[in-house]
Structure formats: C-alpha cells, structure tokens
Amino acid sequence: MTAAIDIATVWAFIIAFAVFVYVVMDGFDLGLGILFPLFPRKSDRDVIMNSVAPVWDGNETWLVLGGGGLMAAFPLAYAVLMPALYTPMIAMLIGLVFRGVAFEFRWRTRPSERNRWDIPFFAGSLVAALAQGIALGAILQGVHVEGRQYAGGWWDWLTPFSILTGIALAIGYALLGATWLVMKTEGELRDKAYHLSWFLLFAMIGAIGAVSIATPFLHIQYTERWFSWPNIILTAPVPIAVAAVTVLLLRSLARKWDYQPFFLTLTLFALSYAGLGISMWPYIVPQSITIWQAASPENSQIFMLFGVAVLIPLILGYTAWSYYVFRGKVKAGSGYH
Amino acid sequence: MFEGWDAVVLARAQFAFTMSFHIVFPAFSIGLASYLAVLEGLWLWTGREVFVNLFNYWLKIFAVAFGMGVVSGIVMSYQFGTNWSAFSDKTGPVIGPLMAYEVLTAFFLEAGFLGVMLFGLERVGHRLHFFATLMVAVGTLISAFWILSANSWMQTPTGYAINADGQFIAADWFKVIFNPSFPYRLVHMVLAAYLTTALVVGAVGAYHLLRDPHLAGPRVMFSMAMWMATLVAPIQIFAGDQHGLNTLEHQPVKIMAMEGHFQSHKDGAPLILFGWPDQAAGKVKYAIEVPKLGSLVLKHSLDAPMAGLDTVPRENWPPVAITFWSFRIMVGMGLLMLGLGLFSLWARWRGTLYDSRLLLTFALMMAPSGFIAVLAGWITTETGRQPFTVYGLLRTVDSASPLAAPAVASSLIAFIIVYFAVFGAGVVYMLRLMAAPPHHGEQGPSGNTPTRAAGITPAAGTTRGAAS
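Which chain is which? The protein sequence lines are A and B, in order.
Residue 0 is where the first sequence starts when you use numbering that gives the first Met the number 0, and the numbers rise one by one after that.
Residue 0 is where the second sequence starts when you use numbering that gives the first Met the number 0, and the numbers rise one by one after that.
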C-alpha cells in the first residue's frame, strides 16, 4: 500500500508537470493568437506566425499527454471531470481546431482570400484560452460526484468564479505572447509588444489578486490550507515570491531587456501554478476524489513510469533542439530574394 | 430541443463522425511520411533533382494533412472522457497506458521533428534533415502500433482481470498489447495507409500526365505509385483474408454480420454476394448467393458447417446491414486496386505506362478509393463489434457519459459544422497544391532557400520559418 501511495503521488506530479509544460509552451502560442487583432499589419502577422510555426504542434502534444496521461493514471478523475467540463472542453477543442489549421491554411490562401484565417486564428486561440481558464475555475469550485460518475448538469461549470479564472488565464497567455514577441522580434513590432506587456502585466497582477482573493471563499478547506497555522509558514512565501517576481518583471520591462520579461512571466505562471497545487492537494477532484482514490492500479502506473522515465528526458531533449534550430529573432522579409 | 433523443445514440454518432474525419488524415500521412522519406533518401543517394522537387511538392501537401490530423486527433484524445466516461473509468487502467505510450513514443517524435522537416533543411544540413524526416515517418508508424493495439484489445481483449471497482486491469501487459487480432489489424491498416497514399500520388501523377505525358516529376510519381498498387494490393488482399480468418476465430458474430449469415448451415454456407439484410426479419432479402462458397472461403471446405446469427441472442447482434454493406464496399475497392495494379503492369510491359489514356483515367478515378476502403473497413470492424465497446464484456450503453441529450446534440452539430467548414477548406487547399505539377526548382513550405525558394507564400517579402 505504501508503494501504491508513492506511485500515485509521483504520477500526480507527472500529470501536473505535463499540464504545466503545456501551459509554458502553448500559453505564449495561444497568447499570440489573442494579440493578433492588435497587429493589423500583414507583415507583422506573418512574423508572429513564423515565430511559432515550427513548434506549435509539439506544444499542443503536451495537452494530449495531459489528457491521455490522466486517463491512464487517474481514470476516475478523467471520467468525472471531462463530462463535468463538457461545454468548456468541447469549446476548447473546437477553438484548437480553428487555430491549429490556421498555421498551415494561412499560407495556402489566394491573395483575394487574404486574412481569411486570421479571425479563426484569433477567435480559436481566445476561445481555447478562456475555456482552459474556465475549466480550471470549475475544477477548483468542485463538481457534483455520485458513485464513480459526474452527477451534475451540463452548465454547472458556469459561475462568476469560473468566468474570472477564464479571463485571468487569457490575460496571462496574452502577457506570455507579448513577452515572447519582445524576445523574438525587432523594431516597431517589438516596441508595440513592449507597450502591450506593460498593460498586460498590470492586468495579470490584478487577475492573480482577484483569483487569490476569491479562492478562499469557495471552500473553507482552501481558507484553512492557506491561512491556518502552521500552514501559513509554507504558503506565505508564494505571494511574497509573486510580489518579488513582479518587481523584477517591471524592472526588466523598464530596461527593455529581451529575454527576462518572458522568463519572468513564466516564473509568475509557475508560482500561480504552485499556489493552485497548494489549494488542491491531495484532491484531484476538489472535495470529492483524492489522487489515491482516482489512481490506476499500481501495475498500470508502474508500466507507464518506465516509459516516462526514459522518454520524457528524451522528448525534452529533442524539443529543446528544435527550439535551438529556430532560435533567434524572426525578421520580417528575411530570406526573401 | 433534443430532450427526446437518445444521448447514447448521439454520442455514438459524434464519435463516428469525428473519428471518420480524423482517420482520413493519418491514413494519408502515414503513407505520405514514408513516401517522403523514400524521396529524400533517393535524392541524397542519386542526387537527381526530380526527387527533391517531388519531395518539396509533397511536403507542402503533407504539412496541410498533418496539421488537420493533429487537431482532429486532439479532439479524439479528449472525447473518451467527455462522451465515454464510464468506458474511460473501466478501461483506463488497460488502454490508457497504451495511449499514453502512443503520445510519448510517437506524437512527440512526430511533432518534435516536424518543424525541422518542414522548415529546417537549410538550418541543419541534409543528413540531419533526412534524419528528421525519418523520425517523422517512424513516428507515424509507432503511432499506428499503439492505437491499433488499443483498438484491437477492445475487439479481442486478453491479458486482463477485473478489480473490485469493476475496472479492467492488466494481468499480463504482453498479452494486452499483442492481443490476438492486433498483428492482423496492424498489417492490414499500415498496408491500407500505404495504398491510400499511393493511389493519391498515382492519381495526381495521372492528372498531370493526361495533360503532358513528358513531365518528369509526374512520370516518376506515377510509376512509383503504380508499383505500389501492383505489389501491395495483392498482399493487402491476402492480409485482409488472414484478418478475416482471425476474426472468424475470435469474433464469429462479426463475420456472421459481414456475410449476412442469419441462418446456420449444417453442410456448407452460401456466399451472399449482394442483398438487403433485414435485421427485424432475420434474413437477407433479394440475396444473390453462390451455394457453399461461403464455407469454402471461410473454412476452406465446401461442406463445413457454419453457425449463423440464429445461434446468438438478438440483443447481441451488431447492425447487420451496415456491417454487410461496408464490408462489400471495402472488398470492392480492394479488387479495383488489384485491377489497377495489374493493368499498370501490363501497360508497363507494353511500354505505354505514361501514354495509355485509359490507364491514366482509371488511376485518376481511383484517387479516393483508398479513403473509401479505409472508412468502409473501419465501419465494418467497429460496427461489427457492437453492441459492445469491449467485445463481449462491456456494452456500449454502459460505456457512455452521464450527459443529457441536448448537450451531446449541441456538440455534435457544432462538430459537423466546424469539420465540414475547416476540413473542407483544407481539402480544397490540398487539391490546389495538387493541381499544379511539380516543377524544376520546386520549393518546400519555408520557401526561403534555393532548393525551397520563395513563391508559395502569397505575401512577397515575407516567408515563414525565416527566423534570424
């Protein structure tokens, strides 16, 4: 039994890791789509698309790993959460269809159909980001479970809190997108991304604050987790670190640095994510199902653990290589001759 | 709206719809990835320009097909949970790991090297680029391995136990992965993907040769495709026959439905060529049949007794008419492919491979035949598994999510509208790419290098993948 507990915990961290890598890699990618209407020039849009075209489907593969891994390692959680999140999940999937195909389709349109895939790219990205944030909020507020099944309706997820988390995540992704552009582009496009980053950073701090304030009101357990003694010794560093990173981020923007804004924004995401983990642990469906209750039998989890131990480092290796191959600034019109 | 509808029927319709759209893209990209690897290998080996032109030509088409495969595939990976949550809970411990391995060993490999394959030739050099192409091709095959293992386990489950929560758990992973129908299904599907791609490549070649029989690129692709049809179509028919015999052993009820055998036959069953299976009446109306041939085909003996659906409780019958007819459509396509292969062999021997308008027109008409055969084959095997999701063990009605009918109806309508609009556009873009013949100095998707120079992006002055 001890071994089973340990493996379930390991798997909880693996799934959390996969979801976080997804957020890191696809967050800026979706953010670029959200910012698309703010860059009306076709040449700017081409550069924005170019900056991510070689890597976007690798980024989205982490989402497949998150979903597939959840089904394999915690099938009960997958079986309860997916029907509970039916509408946001379907909306996310359809959003991803639109934005994903836009990467290829955009280059296949005739001049007369120019920009036909720009609106789907923007709308698909925005819908996917909102849906992911809404799903997160809906999980945090808990779902109605009876036996081994979801027992609520198909609109239960819709609350002011889930809308708030949806908007918060979309803002966060937009900030990632803007700081990505600061890092990957030059000239006017980069200047515009700078200005947007300022605005979006304040919006994101506001969003983190609003979600942090609202969360303890959802359940008494969240309040106790964060504010009761001695928990507070462990939880207090999180908001302190958020404040510190925000200061660093403001400084890096003020000094117009290339790389720091993007990576500090990722750090903000990591801290918010850690906060989410603190709130939820050890539940995988808050207030209903713990990771141990949802866990697959030990032999399923061990069988996959071998693969994960060998393959994840390999995957991270060749993914890093692919980013390395396409490193540096994306120049408008470079390669044209 | 939709309150009176059956939520499970709607969920099945949604899965069938999204799956049918999805399978078309991997079936094409599995074959095309291997074809691209062969073309690039031939280019590096021989240095002939025609091969790199063909490589770049098909790479652009591959990029579009692959993108559609990715996004329609993400939908599938979540749909198990959204619409088949009871199934996911019960089978997650067994088929979940197979799908997780598919992601870890295949999807990441494909996606990780795809960027380099599409845009990286001038950045990484020829050898490393060829390696990337090989990794993408191998990734598509590894993906087929795992997902067909998972599907085959649902058809012929072995190596499992059932725990206290009613979940299937693995007792023996080797038996789970290499379950009895898996080797047959894998061979049959991979060959199907290769044939599907060959028929598209052949049709595009034929299309251009009908206009100008001297074009170098179309001649090479047409000749390669016709060799594939000639050699692989007979192998595929043999593999399909072996798969059928395997099905007879492990899923006899599916064979009864495929053959329209409502009645048992003690001394030799007929082969029903055509007819209209009437499920309610329990017989095939207007049947055109050859006596005893059914036993000969399936048992290799004229007088072998064959059990019919009358030995099976009605609640365990699959939908016979769909299974019966989709099987015939698949077989019909296979025979046409065989015919095309033989015709091309004859024309090749006569020296008229590139000039025979009859052959070229036939090859052009056969463009969609691979897709039709793949869809018909999948409909046969999946419908024939009904009314179970895990054959004989878990019923479809006990597999669905506890969702209200309006929820599923809404998502189904949304998928239908979005898929026809989006993937319809994608098919149009692919057809446009195919409508122009590959030419001297053909460019790849990045369009910013001498071998893959500008011109495919509508915007002069900007190119994709032109980082730093």
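Incorrect hints may appear among the rest.
[Stated by the list, open to error] A partial selection of chain A residues facing chain B, derived with a Cβ cut-off under 8 Å:
1) 68
2) 209
3) 318
No wet-lab data here; the hints were simulated from the structure.
Cβ atoms here follow ideal geometry from the backbone N, Cα and C, with glycine treated the same way.
- Which hints from the list above does the structure break, by number from lowest to highest? Hint 2 is the one this structure does not satisfy, whereas the remaining hints hold.
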